[in-house]
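Generate coordinates for the entire structure from the input sequences, incorporating the hints supplied.
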Amino acid sequence: MESHSLKRPTRRVFLSSVAMTLVAAGAGPALARSFSGLLPWQEGVANPPLQVRPGGWLFLTPEEVATMEAVVDRLVPADDLSIGGKEAGCVVYLDRQLAGTYGTSGRLYTSGPFLPGLPTQGYQAAATPSQRYRAGIAALNAFTRDAKGGKRFAELSPEDQDALLKEMEAGKVALPNKVDAKGFFNLMLSNAMEGFFADPIYGGNKDMASWKMLGFPGARYDYRDHVSKHNQPYPLPPVSIAGSTDWMAK
Amino acid sequence: MTTILPRKDVVIVGLGWTGAILAQELTDEGLDVLAIERGPWRDTSTDFNIGYAQDELRYAIRRDLFLQPATEAMTMRNNLSQTALPMREYGSFLPGSGVGGAGVHWNGHTWRFFNTDFKIADNLTQRYGADRVSELQLQNWGVESAELEKHYDKFEYLAGISGKAGNINGQIQPGGNPFEDPRSREYPLPPLDMTYAPTLFAEATRSLGLHPFPTPAANVSRDYINPLGIAMGQCTMCGFCERFGCANYSKSSAQTTILPVLMKKKNFEVRTDSEVLRIELDASGKNARGVTYVNTSGEEFFQPADMVLLCAYGLHNVRLMLLSGIGQPYDPNTGEGTVGRNYCYQTNAGAQVFFDDKNFNPFVAAGALGQTLDDYNGDAFDHGGLDFVGGAGINCIPTNGRPIQTRPTPPGTPRWGKDWKQATVNAYKSTLSFSAQGSSYPTRGNYLDLDPTYKDRFGRPLLRVTFDFPDNDIRMSNWVSDRMEEIAKSFGAKQYVNTRRKKGWDSVPYQSTHNTGGAVMGEDSKTSSVNKYLQSWDVSNLFVIGASAFAHNAGKNPTGTVGALAYHTADAIRQQYLRNPGQPLVSA
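Line by line, the protein sequences are chains A and B. Just so you know, we're using the numbering used here here: the first sequence kicks off at 1 and counts up by one. Just so you know, we're using the numbering used here here: the second sequence kicks off at 1 and counts up by one.
Check the hints yourself; a few may be wrong.
[Unchecked claim] If you only want the chain B side, here are some residues facing chain A, beta carbon under 10 Å, derived: (1) D47; (2) D55; (3) L80; (4) T83; (5) T195; (6) T236; (7) L259; (8) K265; (9) T296; (10) L386; (11) D387; (12) W420; (13) T424; (14) Y510.
By construction, these hints were calculated from the structure, which means they are not laboratory data. The beta-carbon is built from N, C-alpha and C at its ideal position, and this holds for glycine as well.
Rendered as structure tokens:
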């Protein structure tokens with residue numbers, strides 16, 4: 001087995017009938033490879049997720065953090081069923097997502113021309129999620145400063161926050177700088193739900209709070225002993241990709 | 001500069017289900033076969049790793065295993081009067097990428113189409129008159145069920161399908177689908193053990209006089225060793241099937257059923273992360289010389305070959321034909337031309353039943369673990385007094401309880417806040433969902449071509465999808481939704497809701513990755529791109545294999561028929577084509 005870390009596979013590599021050229025993990029974009037004569041497998045190329053750890057912010061500014069913590073606590077309020085969105089880590093989740101490929105639309109088709117589309121054609125603007133949050137949060141706070149006696153969104157009462165979020169959801173509020181209030185609300189809502197319900201490894205869903213609330217067992221991966229137990233509660237608590245927080249030092 | 005490589009007997013574009021089947025069959029014939037795959041190499045232990053395969057965010061939301069729009073997007077519009085715009089994020093359908101293709105992350109519903117599908121134009125015209133189908137562009141496929149039976153059988157045994165036969169050599173079998181055409185033998189494996197919701201659905205629909213049966217599943221119900229000697233392990237009902245690779249070797253795919261044998265062969269090679277730019281023709285335009293492809297360093301290669309097999313996803317097969325100037329592009333204004341013709345989709349509708357006193361444990365699930373009834377599918381029922389043709393399979397197949405996406409709530413529930421949370425908790429375990437997977441019939445205006453504006457990273461035009469649900473299909477879906485409402489009502493639960501299909505195909509919410517047609521098979525070279533053996537009418541050493549060959553789409557998942565057609569093609573190449581290479585198997 002040959003192993004190449006060169007960016008350009010040589011022609012010889014392609015012509016060798018049993019050549020198997022592999023590229024060291026992390027060497028940048030995947031390179032063309034040729035496989036023949038055996039089922040290729042290489043150690044060290046699996047790509048497990050990285051554990052997000054709270055502490056510090058990679059994308060959001062302090063004011064943006066304060067705003068989003070207030071927002072996620074209204075979208076997912078703390079009550080008898082679960083902790084709230086802030087404590088669950090939904091903003092930590094959001095910050096790490098915005099700092100990565102998601103924030104830059106790295107996976108998406110981002111070539112122009114950018115034309116206004118029909119609803120059936122989906123999102124057609126050029127702004128990436130990270131740009132939309134930067135502009136959207138600024139517009140939201142500018143709006144509340146004007147309309148709510150100089151207060152930022154996070155300083156409003158929960159009732160006033162709920163009322164404003166409902167107006168955004170319904171598209172009934174015009175935010176400054178032509179920010180699409182309804183579109184921005186939907187973006188915040190979908191990201192908050194992702195953070196709250198995703199595996200805790202991504203920074204939200206602290207202690208599997210949402211999974212415990214629903215009774216979702218998480219990453220168990222084998223239910224053969226329960227499939228025929230119709231209408232009976234599943235007995236085991238959830239586990240995440242990283243196991244259970246009960247097993248770890250706090 | 002293009003590097004010219006040594007000749008191969010066969011070059012295959014795309015190493016998913018069909019590419020792997022054709023490669024396996026043609027290397028058995030002693031041919032020297034090369035597959036060129038745009039995406040990466042993928043194997044179970046590395047890429048569907050049991051340590052983190054259960055990651056909904058990564059695989060279902062960010063779609064780690066799928067074709068990324070940055071690599072190739074498509075544009076869409078509902079009709080000719082609109083300007084198509086790119087789907088910047090895939091939504092309504094999600095094409096695959098990489099070795100194994102979309103066969104890596106499918107659910108595993110494995111169907112045979114009806115004979116009345118393959119003979120659709122003859123059957124519907126004879127039964128209901130030409131007027132009934134005049135708004136549609138229906139055409140026969142050029143094959144019949146009896147001819148495909150052994151190929152369906154071969155695919156089902158390769159893949160270890162778990163199910164219950166409904167008709168063995170004309171004998172109706174209790175517990176199976178009484179509407180299916182005759183099959184030669186039982187499924188290789190018995191049905192999966194049923195979860196609670198489909199069990200309840202089967203009881204309810206049976207008491208209405210309907211005929212539910214276990215959905216044929218590519219999630220193996222028992223340990224299985226397939227005819228190639230490859231072992232699969234019993235499905236654990238983990239609830240991470242569609243959008244995920246299987247870490248248990250339980251879901252049939254090229255990885256779990258073919259590649260361990262194929263990859264050992266000295267006369268097979270795959271080049272990954274290499275994208276075919278076009279098929280090259282000789283001066284006559286009637287023979288493919290090979291393909292030009294580019295690797296991730298941007299280097300171009302010309303790979304000469306005696307035969308070219310297009311085995312990419314159906315939509316990509318069509319695009320590569322258009323980009324290579326093969327066949328006459330379809331013109332929706334005149335109805336002439338073949339490439340891009342008869343693009344079809346799936347006409348789906350849904351129902352949810354909300355109970356107070358049930359626990360369905362939705363996370364105990366497999367992609368194809370459930371019950372189906374075909375009483376309202378295809379032409380299994382009399383349309384004499386109705387105003388449409390076609391139908392839908394009714395499926396109760398709860399595939400998962402993954403909480404980012406699967407959180408049903410009753411109508412009127414807010415999307416956030418305290419009331420949302422309480423309603424979500426109440427409904428999570430106690431909601432029974434079922435759906436109608438409806439047929440999709442061709443019209444003159446639904447088609448595929450190259451977009452005039454938007455380009456891919458190599459400067460090639462994107463594929464343009466022009467599609468809306470035909471009026472016939474909307475009438476069909478509404479009638480089926482009425483039947484679903486009868487079923488939903490019969491449960492006697494506190495509440496149910498029906499989601500009906502409306503005009504205006506929306507590319508945003510996920511619906512189905514069952515895109516069919518565009519390079520359809522048929523009897524007439526004026527209305528089809530390929531003959532009954534999926535050989536191009538125009539370029540005799542080119543075969544185009546996949547759901548691109550479907551002349552319409554049935555109310556069933558396509559993979560079983562795609563697999564059968566792949567074996568049908570392989571058989572024709574081995575038994576007929578190789579005796580007289582380069583010649584048409586059917587004269588135009």
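Review point. Quick one, is the B:D55 hint okay against chain A at 10 Å, beta carbons?
Key: holds, 6 Å
* To do: Grab the minimum C-beta distance from B:Y510 to chain A and call the hint holds if it beats 10 Å, violated otherwise.
  => violated, 12 Å
Restraint outcome when B:L386 is required to lie within 10 Å of chain A by C-beta distance:
This hint is violated: B:L386 lies away from chain A, its Cβ roughly 28 Å from the closest one there, beyond 10 Å.
_Checking hints one by one. Is B:W420 an interface residue toward chain A, by the C-beta closer than 10 Å rule?_
holds, 8 Å
### Task
Return the status of the interface hint for B:D387: holds when the least beta-carbon distance to chain A is below 10 Å, violated otherwise.
For B:D387, the interface hint is violated, since the closest Cβ of chain A sits about 26 Å away, which is over 10 Å.
_Checking hints one by one. Is B:T424 an interface residue toward chain A, by the C-beta closer than 10 Å rule?_
Holds, because the Cβ-Cβ distance from B:T424 to chain A comes to roughly 7 Å (cut-off 10 Å).
At a threshold of 10 Å, is the proposed contact between B:T83 and chain A supported by beta-carbon distances?
-> holds, 7 Å
**Prompt:** With a cut-off of 10 Å, does the beta carbon of B:T296 approach a beta carbon of chain A closely enough for the hint to hold?
**Reply:** holds, 5 Å
Check your understanding: Would the stated hint for B:T195 survive a check requiring a Cβ distance to chain A of less than 10 Å?
Key -> holds, 6 Å
Measuring from the C-beta of B:D47 to each C-beta in chain A, is the shortest one below 10 Å? This hint holds: B:D47 lies near chain A, its Cβ roughly 8 Å from the closest one there, short of 10 Å.
| message | Holds or violated: the hint that B:T236 contacts chain A, with Cβ atoms closer than 10 Å. | response | Holds: closest Cβ of chain A sits about 4 Å from B:T236, inside 10 Å.
Grab the minimum C-beta distance from B:K265 to chain A and call the hint holds if it beats 10 Å, violated otherwise. holds, 8 Å
Against the hints set out earlier in the document, violations occur for numbers 3, 10, 11, 14.
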